[in-house]
Amino acid sequence: MLKIDDMTMKFGGVIACNKFNANIEKGQVVGLIGPNGAGKTTVFNVVTGVYKPTEGQVIFNPKEGEEYLLTGLSPDEIAKLGVCRTFQNIRLFKELSVLDNVFIGNHLRIKSNVVSSILRLPSYRVEEKEMYEKSLYLLEKVGLKDSMDEKAYSLPYGMQRRLEIARALATEPKLLLLDEPAAGMNPQETRELMDFIQEIKEEFDLTIFLIEHHMEVVMGICEEILVLDHGVLIAQGNPEEIQEDQRVIEAYLGVE
Amino acid sequence: MGNLNFLQHLANGISLGSLYALIAIGYTMVYGILRLINFAHGDIFMLGAYITYYGILFTSIPWWLVFIFASIFTGFIGLLLEKIAYRPLRESPRITILISAIGASFFLQNFGIVVFGGRPKAFPVPNILNKVIRLGGVSVGIVTFVIPTVTIILLLGLTYFITKTKTGMAMRALSKDYETASLMGIDINRIISITFFIGSFLAAVGGVMWGTKYPQLMPLMGVMPGLKCFIAAVIGGIGNITGAVIGGFILGLGEILLIAFLPNLTGYRDAFAFVLLIIILLVKPTGLMGEKITEKV
Amino acid sequence: MKDKNRFNNISLIIIVATIVGLFIANRTLDDYKLRIINLCGIYITLGLSMNLINGFTGLFSLGHAGFMAIGAYTVAILTMPVPMKEMNFFMKPMVPFLANLEWSFLPALLMAGIMAGIFGFLIGAPVLRLTDDYLAIATLGFAEIIRVVFTNTQSITNGALGLKGIPNNTNVWWSWGIGLLTIGFMVFLMDGSYGKAFKAIREDEIAARSMGINLFKHKVMSFTFGSFLAGIGGGLLAALLGTIDPNMFRITLTFNILLIVVLGGLGSIKGSVISAIIVTVMMEALRFLDESINLGFVQLKGVPGMRMVVFSIILMVVVIFRKEGLLKES
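Residue numbers (the working numbering), protein chains in the order written: chain Y, 202 to 457; chain R, 68 to 364; chain A, 6 to 335.
If you're looking for bench data, these hints aren't it; they were derived computationally from the structure. Positions of the beta carbon are idealized from the N, C-alpha and C atoms, including for glycine. Hints are supplied without guarantee of correctness; some may be wrong.
To be verified - Computed list of lysine-lysine pairs in BS3-like fashion (alpha-carbon distance at most 30 Å, straight line):
(1) Y:LYS295 to A:LYS204
(2) Y:LYS330 to Y:LYS295
(3) Y:LYS352 to A:LYS204
Stated by the list, open to error - Quick partial rundown of chain A residues pointing at chain Y, CB under 10 Å, derived from the structure:
(4) GLY189
(5) LYS201
(6) ALA205
(7) ILE218
(8) LEU220
(9) PHE230
With the hints as extra help, turn the sequences into a complete structure.
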């Protein structure tokens with residue numbers, strides 16, 4: 202599904218990521234962990250095209266025989282290929298309604314042109330109706346249907362995170378990148394979130410790559426875990442292996 | 068064109084460039100700290116010229132003292148402008164504060180029309196500055212030399228202030244990293260006020276000298292130089308003082324030499340700066356001396 | 006759905022009332038008052054066109070006067086009768102190709118929009134890669150370049166002398182007809198998927214991009230539509246005033262429209278419409294500030310420029326104390 206080859210990202214003299222490698226299989230839930238400032242979000246930014254890596258490349262193959270080089274593409278092109286993300290610091294369209302936020306997620310798949318949208322031609326109306334229905338379905342899925350007319354900023358924090366996921370799902374991704382989905386959630390919400398991730402993964406046939414600090418989330422739902430420290434991949438394996446890995450423990454406890 | 072003629076144009080270009088540089092510094096300093104185009108800066112320049120005009124006309128203070136007092140007084144007007152039009156909006160979206168800047172500019176221009184009258188006024192140039200000297204066949208007004216000299220002195224003073232004094236260093240820190248600097252206990256309001264004072268003071272000096280070189284005052288006289296000097300700041304790399312000076316000289320020299328070499332294009336003089344701006348923005352958006360800023364995601 | 010029907014009914018009532026109102030106004034009012042009503046209609050179009058770019062898409066463009074100039078000159082050149090052109094171009098004859106053109110108003114007006122739209126597209130393509138402040142100054146620069154070019158192309162625009170005797174084709178039906186069409190255009194555009202994408206760009210560019218919205222394409226689209234409408238507005242204005250010259254299209258004109266947009270609220274269609282009317286009427290009503298009036302027993306001396314002082318103070322008070330605009334309910 203996703204292959205990151207020897208990716209290095211430098212900002213001026215600072216190396217945020219050094220020769221990072223990853224290989225994510227279709228249908229997996231893969232976690233990316235590491236101490237603060239380890240370069241996790243940088244990996245996401247490179248995959249989604251926000252940054253162009255200094256070296257290395259990212260390859261995306263959504264299905265057998267289809268392969269795309271993501272490196273060098275712009276974020277919107279990458280989203281169109283089926284890679285979508287959420288943000289660590291929540292980036293909703295704040296002043297717009299909850300429904301519109303999800304609706305806009307559909308926009309990249311629109312076939313009608315702008316003129317038929319202004320003239321409200323039948324072809325556009327059909328398409329718009331489908332987009333609305335899909336948005337409503339997704340809102341129901343994340344439990345936000347009742348607040349669809351509220352403005353996005355007025356939602357409580359946990360709900361905003363869910364709305365971001367709904368918006369990302371509206372783009373019909375094959376690979377979903379979640380940047381700290383459980384941040385700021387209480388244990389109850391966290392457990393719900395874990396179930397929710399499993400559920401959407403099954404329903405939408407997703408592959409999920411997530412960054413998370415809540416260890417119970419990572420250990421609970423990830424099949425494969427990558428550990429990043431100071432921009433370098435220091436360990437890789439299933440939850441049991443990672444929990445016993447000496448280097449991971451050192452990285453987290455700061456032992457020299 | 069003869070060599071002598073060329074020297075004359077060069078001298079004119081340098082003095083126009085010095086004026087642009089002085090005004091551009093104000094733009095760049097304010098932008099460096101607040102990320103705001105102070106659209107009213109050109110009108111502050113206009114006020115500087117008018118205040119001097121009235122100072123000379125209605126007081127018996129020696130002209131050079133009037134020049135200094137008027138510039139300082141205008142500096143305080145700039146400081147006041149920031150307090151009224153920008154400070155309340157510091158946490159607002161960028162577009163709001165830009166609109167406020169435009170409103171302030173608009174206000175000052177029309178205030179000028181109301182108070183000073185719409186008709187041009189002749190700037191009372193002191194006789195000593197009106198003298199023309201002949202240098203090996205080239206006749207050049209003394210002002211043409213005075214302007215770059217004053218500019219250089221002010222620039223040296225400013226450089227000293229920014230690199231050697233505590234306030235100047237705080238100013239640079241604020242412009243490098245606003246958030247960190249504000250956490251370090253720097254009194255932001257004070258620094259911003261001082262920045263506006265210095266910027267407006269320099270613009271006023273520019274306005275006074277503009278009056279001695281082109282002795283016709285109009286309430287809208289600040290609009291074009293204002294825009295051009297912002298462009299000068301962008302060309303040099305906005306936020307960078309040296310860049311603003313370089314940009315000012317490029318623009319001033321370029322404008323004068325363009326007319327000198329291609330008299331057919333005289334009518335397009337005012338478009339020159341804008342064309343240059345657009346080329347720079349497309350080729351090197353950060354300007355000649357600017358640094359690249361990457362957005363945080 | 007019920008809501009939508011009710012909305013349609015209300016808009017129908019408003020449209021009919023406007024038409025009836027215009028009909029009565031056209032019959033009963035004098036030329037001066039009709040001119041103000043015309044201006045209101047034109048400023049609705051202009052205000053909305055700027056709001057599309059600045060308020061809905063969040064691009065800070067200050068190039069409106071330039072696009073209006075293109076529209077105004079297009080209409081003037083295309084509709085002026087041949088002998089009138091000869092009279093105007095006494096300094097230097099007009100290029101023969103343009104001198105012999107004489108179109109009727111509708112195609113000329115469309116051409117005004119198309120020309121402005123083309124320029125918007127050509128200018129937008131390079132400068133829309135820039136962000137707020139740089140975009141503002143670059144668009145402002147382009148507007149100035151257009152004005153300087155128009156001042157110097159003597160054989161096409163008659164340079165600084167301007168053009169006089171442009172046929173007065175604009176009447177209340179034209180100005181308000183186009184105004185209403187523009188309102189409809191904006192309502193449908195902003196309610197649809199593309200309009201929502203514009204708003205998404207305004208809200209958060211990075212998120213919009215990550216949701217697959219091609220920023221550049223959508224920005225150019227919004228900018229081109231906005232300049233098209235500005236060109237039409239400029240064309241209507243030329244045919245209303247009958248006289249144009251390059252100095253009309255200074256930055257001040259852009260600021261006037263910005264005032265309408267800000268007072269009405271960035272991103273509010275209703276606000277722009279109401280504010281266009283209020284600002285236009287106020288501009289006229291406050292004219293006494295500039296001119297002296299004789300009250301019979303006492304002569305009040307007007308001060309030129311006072312009107313604009315009052316206006317700029319209003320603009321600043323609004324941005325400082327009511328950021329959402331005067332008219333937008335919070």
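To see whether the hints hold, each was checked on the structure:
1. Y:LYS295 to A:LYS204: holds, 10 Å
2. Y:LYS330 to Y:LYS295: holds, 24 Å
3. Y:LYS352 to A:LYS204: With Cα atoms ~13 Å apart, Y:LYS352 and A:LYS204 stay inside 30 Å; holds.
4. GLY189: holds, 9 Å
5. LYS201: Check passed: Cβ of A:LYS201 comes within 5 Å of chain Y, closer than 10 Å.
6. ALA205: holds, 5 Å
7. ILE218: holds, 6 Å
8. LEU220: Check passed: Cβ of A:LEU220 comes within 7 Å of chain Y, closer than 10 Å.
9. PHE230: Constraint on A:PHE230 satisfied, holds at 8 Å.
Checked against the numbered hints given earlier, the structure satisfies every one of them.
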